[in-house]
Amino acid sequence: MISCEWLLGCQTAPGELPREWFPASVPGCAQKGYARARHWPDVFWADNAKMYDGLENLYWRYRTVPRLPEIGAGERLYFVAKGVDYEFDILIGGKTVFSQEGMFTPVELDVTELLHEGDALEVLIHPAPKRAGAAPHSREEADQSVKPAVSYGWDWHPYLVVLGIWDECGLELRPAARILSCEPHYTLDGARRTARVHFETAYTGAQPPIYTVFDPEGQIVYQGEETDFALNPVRLWWCNGQGQADLYRWSARLPSGDTREGRVGFRDIALQMNADDWNAVNGTRSNPPMTITLNGRRIFAKGTNWVNPELFPGTITRETYLPLIQLAKDAHFNLFRIWGGAIVNKEAFFDLCDEMGILVWQEFPLACNNYLGTPHYLKILEREARSIVRRVRRHPSHALWCGGNELFTAWSRMTDQSLALRLLNKVCYEEDPFTPFLPTSPVMNVSHGYYRFLDDEGQDVMTVMQRKKRMTAYTEFGVPSMPEPEYLKTFIPEAELFPPRPGGAYEFHHAFNAWNGTENWLPRDILDFYFEKAESLEVLVRQTQWLQAEGYKAIYEEARRQKPYCSMALNWCYNEPWPTAANNSLVSYPAIAKKALRAVAESCRDTCLSLRIPRFDWKPGDRMTLEPWVLNDAPAPFEGCECEVTLIVDGKRTLLRKARFDSGAANANVQGEAFEIRLPADCAAPSFTLEIACAAHPEWTSAYTLLLRAKEGRVSGSDTK
1 MISCEWLLGC QTAPGELPRE WFPASVPGCA QKGYARARHW PDVFWADNAK
51 MYDGLENLYW RYRTVPRLPE IGAGERLYFV AKGVDYEFDI LIGGKTVFSQ
101 EGMFTPVELD VTELLHEGDA LEVLIHPAPK RAGAAPHSRE EADQSVKPAV
151 SYGWDWHPYL VVLGIWDECG LELRPAARIL SCEPHYTLDG ARRTARVHFE
201 TAYTGAQPPI YTVFDPEGQI VYQGEETDFA LNPVRLWWCN GQGQADLYRW
251 SARLPSGDTR EGRVGFRDIA LQMNADDWNA VNGTRSNPPM TITLNGRRIF
301 AKGTNWVNPE LFPGTITRET YLPLIQLAKD AHFNLFRIWG GAIVNKEAFF
351 DLCDEMGILV WQEFPLACNN YLGTPHYLKI LEREARSIVR RVRRHPSHAL
401 WCGGNELFTA WSRMTDQSLA LRLLNKVCYE EDPFTPFLPT SPVMNVSHGY
451 YRFLDDEGQD VMTVMQRKKR MTAYTEFGVP SMPEPEYLKT FIPEAELFPP
501 RPGGAYEFHH AFNAWNGTEN WLPRDILDFY FEKAESLEVL VRQTQWLQAE
551 GYKAIYEEAR RQKPYCSMAL NWCYNEPWPT AANNSLVSYP AIAKKALRAV
601 AESCRDTCLS LRIPRFDWKP GDRMTLEPWV LNDAPAPFEG CECEVTLIVD
651 GKRTLLRKAR FDSGAANANV QGEAFEIRLP ADCAAPSFTL EIACAAHPEW
701 TSAYTLLLRA KEGRVSGSDT K
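Residues in the sequence shown are numbered consecutively from 1, following the numbering used here.
Treat the hints with care, as some may be off.
With a cut-off of at most 25 angstroms between alpha-carbon atoms, the simulated SDA-like pairs for lysine to any residue come out as follows [unchecked claim]:
{"no.": "1", "residue 1": "K329", "residue 2": "R561"}
{"no.": "2", "residue 1": "K652", "residue 2": "A593"}
{"no.": "3", "residue 1": "K658", "residue 2": "A674"}
{"no.": "4", "residue 1": "K426", "residue 2": "R285"}
{"no.": "5", "residue 1": "K469", "residue 2": "N282"}
{"no.": "6", "residue 1": "K533", "residue 2": "E484"}
{"no.": "7", "residue 1": "K658", "residue 2": "A695"}
{"no.": "8", "residue 1": "K619", "residue 2": "L655"}
{"no.": "9", "residue 1": "K426", "residue 2": "D416"}
{"no.": "10", "residue 1": "K489", "residue 2": "N48"}
{"no.": "11", "residue 1": "K469", "residue 2": "T409"}
{"no.": "12", "residue 1": "K426", "residue 2": "L647"}
{"no.": "13", "residue 1": "K50", "residue 2": "F22"}
{"no.": "14", "residue 1": "K329", "residue 2": "N48"}
{"no.": "15", "residue 1": "K469", "residue 2": "G283"}
{"no.": "16", "residue 1": "K533", "residue 2": "L706"}
{"no.": "17", "residue 1": "K489", "residue 2": "M51"}
{"no.": "18", "residue 1": "K426", "residue 2": "R391"}
{"no.": "19", "residue 1": "K469", "residue 2": "R623"}
{"no.": "20", "residue 1": "K595", "residue 2": "L647"}
{"no.": "21", "residue 1": "K426", "residue 2": "F408"}
{"no.": "22", "residue 1": "K95", "residue 2": "E70"}
{"no.": "23", "residue 1": "K379", "residue 2": "F408"}
{"no.": "24", "residue 1": "K426", "residue 2": "T293"}
{"no.": "25", "residue 1": "K50", "residue 2": "N516"}
{"no.": "26", "residue 1": "K595", "residue 2": "D455"}
{"no.": "27", "residue 1": "K619", "residue 2": "E691"}
{"no.": "28", "residue 1": "K468", "residue 2": "D455"}
Quick caveat, the hints were computed from the structure, so don't treat them as lab data. All of these numbers come straight from a predicted model, not from anything done at the bench.
All chains should be built: construct the whole structure from the sequences, respecting the hints.
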């Protein structure tokens with residue numbers, strides 16, 4: 001692609017011209033370029049993001065006067081833009097030659113006869129879509145557009161509605177004989193050893209391309225002109241923890257030299273019914289299937305909800321994605337749910353998921369709104385959806401289509417009869433018929449929430465998961481915490497750092513009143529229930545991080561214990577687009593792992609020991625019943641082991657029980673015999689730890705740090721790690 005030097009200006013009406021121009025980064029964001037030219041302060045600091053309010057109501061004009069390449073006989077010059085956000089016109093010499101609404105449909109415009117040396121090539125971006133009558137500064141403004149709703153404000157994202165050329169953009173000189181499109185499709189035989197490959201290719205010129213397929217080691221396994229051929233044997237693509245994410249490389253090359261390249265991973269995928277879910281009562285509708293089956297193997301989906309990794313999507317690169325996806329792989333995750341309020345990620349995201357074996361649940365850009373099926377909206381939605389499906393479907397990591405987030409709810413009020421969802425199902429069937437489709441999340445018997453350590457009845461997550469929850473999938477749940485104090489100092493003014501209060505930078509960065517006017521993310525009521533009033537920011541942060549780590553461990557492990565009826569555990573949420581002062585995220589912006597991620601990684605190991613513990617807080621002398629488990633999602637059988645359960649309190653280790661686990665099948669848990677213990681009556685520490693370990697497999701060890709009210713009232717929580 002021939003890059004261009006772009007200038008950017010803004011105007012209040014489409015017929016005007018900007019009064020001044022400034023250099024633009026492409027890809028990038030119009031508002032970010034404007035702020036840079038005006039020398040605005042750091043958008044992350046305090047409430048500086050408010051400065052951007054209203055810029056989304058302007059027209060933004062990108063301009064370049066490119067130096068044109070020499071065009072040979074039969075060659076064509078194209079203007080290519082992979083993504084422009086959101087509604088825009090393309091002008092050459094001041095004349096509009098193309099218009100489009102939608103940020104996910106790429107532009108490939110033949111400008112051979114239109115663009116001449118010295119002509120200005122411009123992209124005029126219209127103001128952000130806002131439905132008339134919608135509540136201002138709310139996601140409702142986006143409910144009649146296919147623009148992701150997140151930038152209209154969320155409980156972890158400020159109101160900052162971005163616009164701009166957000167993906168690769170430039171000129172391409174294409175030969176007379178060229179490949180217009182090329183995509184391999186395949187089917188696996190019943191034994192999944194032979195792949196029948198079919199290349200769907202469009203090209204110009206008399207001679208067909210030569211196809212070459214390389215195995216994961218780079219050895220040629222096919223070369224020729226045939227578009228249909230068999231590969232035997234093939235190595236399957238597996239998700240993280242189940243095997244190797246083997247990728248084959250392919251190329252299609254014309255005699256002219258024009259070449260297309262790509263990768264393919266051979267696998268089949270389905271959603272199947274969860275255990276016993278056909279047993280609907282009195283003829284009622286059964287719960288929908290929620291168990292991912294990869295290459296015929298049932299997979300327990302351990303993962304998380306992925307959101308935009310940047311406020312300005314145009315700044316996202318492969319280097320943005322890489323550390324985040326690597327952290328997820330290291331945490332033993334095998335599935336990202338790409339939340340419907342966010343963008344459909346750039347190509348580098350899917351490439352990295354292909355390489356690291358992370359399955360992708362991709363939602364369309366609908367979230368928490370009633371997307372009424374007006375003719376105009378449906379027209380744009382269909383074009384955007386087809387573009388999304390055609391780009392994403394070829395990736396072996398892509399596992400599931402979903403209409404959007406929380407659409408079957410009182411606040412969205414959509415149903416499976418809503419035209420937008422019927423349309424999306426149709427598009428997915430026509431473009432990618434063998435990939436599963438869900439209308440939304442949650443559906444019947446799938447859980448979103450709870451998002452705090454205590455529920456509305458004052459029961460903690462350990463108790464709630466064991467006594468109240470039995471779901472086929474937990475696709476959102478959360479426990480909030482604050483990030484490290486040094487991190488908070490990078491965006492909270494020193495005068496506001498401690499104690500945190502509603503209003504000011506803490507509230508603007510979501511610690512208070514982030515949603516429903518409550519203190520969900522920095523819950524002082526919960527902290528007051530367990531702990532003495534923190535005397536420093538460091539103590540307060542440790543208190544929140546303790547609850548988050550133990551809370552997430554409890555939810556992930558209990559969800560796994562409910563297998564096979566339960567088949568998914570995906571926390572809300574994984575990452576952040578900017579620094580938050582308190583949130584459910586496991587990773588602080590841009591890619592800083594919280595302490596809870598380490599705890600979750602232990603709970604998501606393919607094989608690990610686990611203790612079912614009734615609740616979080618205890619008193620000296622209390623009796624508790626412990627239930628040991630082996631959680632096994634590995635594809636190999638469990639061969640049995642002997643383990644020890646140990647109490648660690650006041651610096652003393654006490655062996656509580658030796659337990660023997662029988663052998664078990666692959667991808668199946670093993671439940672041990674429950675036993676009762678009594679805590680020592682003379683404990684003085686504010687916490688104690690329960691550990692379950694196997695000497696032969698120390699890598700399976702698990703430990704749980706619980707609160708001990710050694711005296712009446714609350715504990716300081718200052719010595720927890």
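Hint-by-hint comparison with the structure:
Between K329 and R561 the alpha-carbon distance is near 22 angstroms, which keeps this suggested pair within the 25 angstroms criterion. Using a Cα cut-off of 25 angstroms, the hinted pair K652 and A593 is violated, with the two alpha carbons roughly 31 angstroms apart. For a cut-off of 25 angstroms, the pair hint linking K658 to A674 stands: about 12 angstroms separates their Cα positions. For the given pair, K426 sits about 22 angstroms from R285 by alpha-carbon distance, which is consistent with the 25 angstroms threshold.
Taking the CA atoms of K469 and N282, the gap is about 22 angstroms. The hint holds against a cut of 25 angstroms. With a C-alpha separation of about 18 angstroms, the suggested pairing of K533 with E484 holds against the 25 angstroms cut-off. For the hint pairing K658 with A695, the CA-to-CA distance comes to about 11 angstroms; that is within 25 angstroms, so the pair holds. Restraint check: the Cα-Cα separation between K619 and L655 comes to about 19 angstroms, which is no more than 25 angstroms; the hinted pair holds.
For the hint pairing K426 with D416, the CA-to-CA distance comes to about 13 angstroms; that is within 25 angstroms, so the pair holds. Of the supplied pair hints, the one linking K489 and N48 holds, its CA atoms being roughly 15 angstroms apart against a limit of 25 angstroms. Distance restraint check for K469 and T409: the Cα-Cα separation of roughly 19 angstroms lies within the 25 angstroms cut-off, and the hinted pair is therefore satisfied. Proximity of K426 to L647 is assessed by CA-CA distance (about 57 angstroms); at most 25 angstroms being required, the pair is judged violated.
Distance check on the hinted pair: K50 and F22 sit about 22 angstroms apart at the alpha-carbon level, within 25 angstroms; holds. Annotation: proposed proximity of K329 to N48 is violated, straight-line Cα distance about 34 angstroms (limit 25 angstroms). Between the alpha carbons of K469 and G283 the distance comes to roughly 23 angstroms, so the proposed pair stays at or under 25 angstroms and holds. Straight-line distance between C-alpha atoms of K533 and L706 comes to about 19 angstroms, which keeps the hinted pair within the 25 angstroms bound.
Between K489 and M51 the CA atoms are separated by roughly 21 angstroms; this keeps the pair inside 25 angstroms, and the hint holds. In summary, the hint linking K426 to R391 is supported, as the alpha carbons are separated by about 17 angstroms, within the 25 angstroms threshold. With a C-alpha separation of about 24 angstroms, the suggested pair K469 and R623 falls inside the 25 angstroms cut-off, and the hint holds. A C-alpha spacing of about 22 angstroms is found between K595 and L647, which places the hinted pair at or below 25 angstroms, so the restraint holds.
Taken as a hint, the K426 and F408 pair is honoured in the structure, with Cα atoms around 19 angstroms apart against an allowance of 25 angstroms. For the hint pairing K95 with E70, the CA-to-CA distance comes to about 23 angstroms; that is within 25 angstroms, so the pair holds. Distance restraint check for K379 and F408: the Cα-Cα separation of roughly 22 angstroms lies within the 25 angstroms cut-off, and the hinted pair is therefore satisfied. A threshold of 25 angstroms between alpha carbons decides the hint, and for K426 with T293 the separation of about 23 angstroms falls inside it, so the pair holds.
Between the alpha carbons of K50 and N516 the distance comes to roughly 21 angstroms, so the proposed pair stays at or under 25 angstroms and holds. For a cut-off of 25 angstroms, the pair hint linking K595 to D455 stands: about 23 angstroms separates their Cα positions. A distance of roughly 18 angstroms separates the Cα atoms of K619 and E691; the hinted pair therefore holds under the 25 angstroms criterion. Of the supplied pair hints, the one linking K468 and D455 holds, its CA atoms being roughly 11 angstroms apart against a limit of 25 angstroms.
In summary, the structure is inconsistent with hints 2, 12, 14 from the numbered list given earlier, while agreeing with the others.
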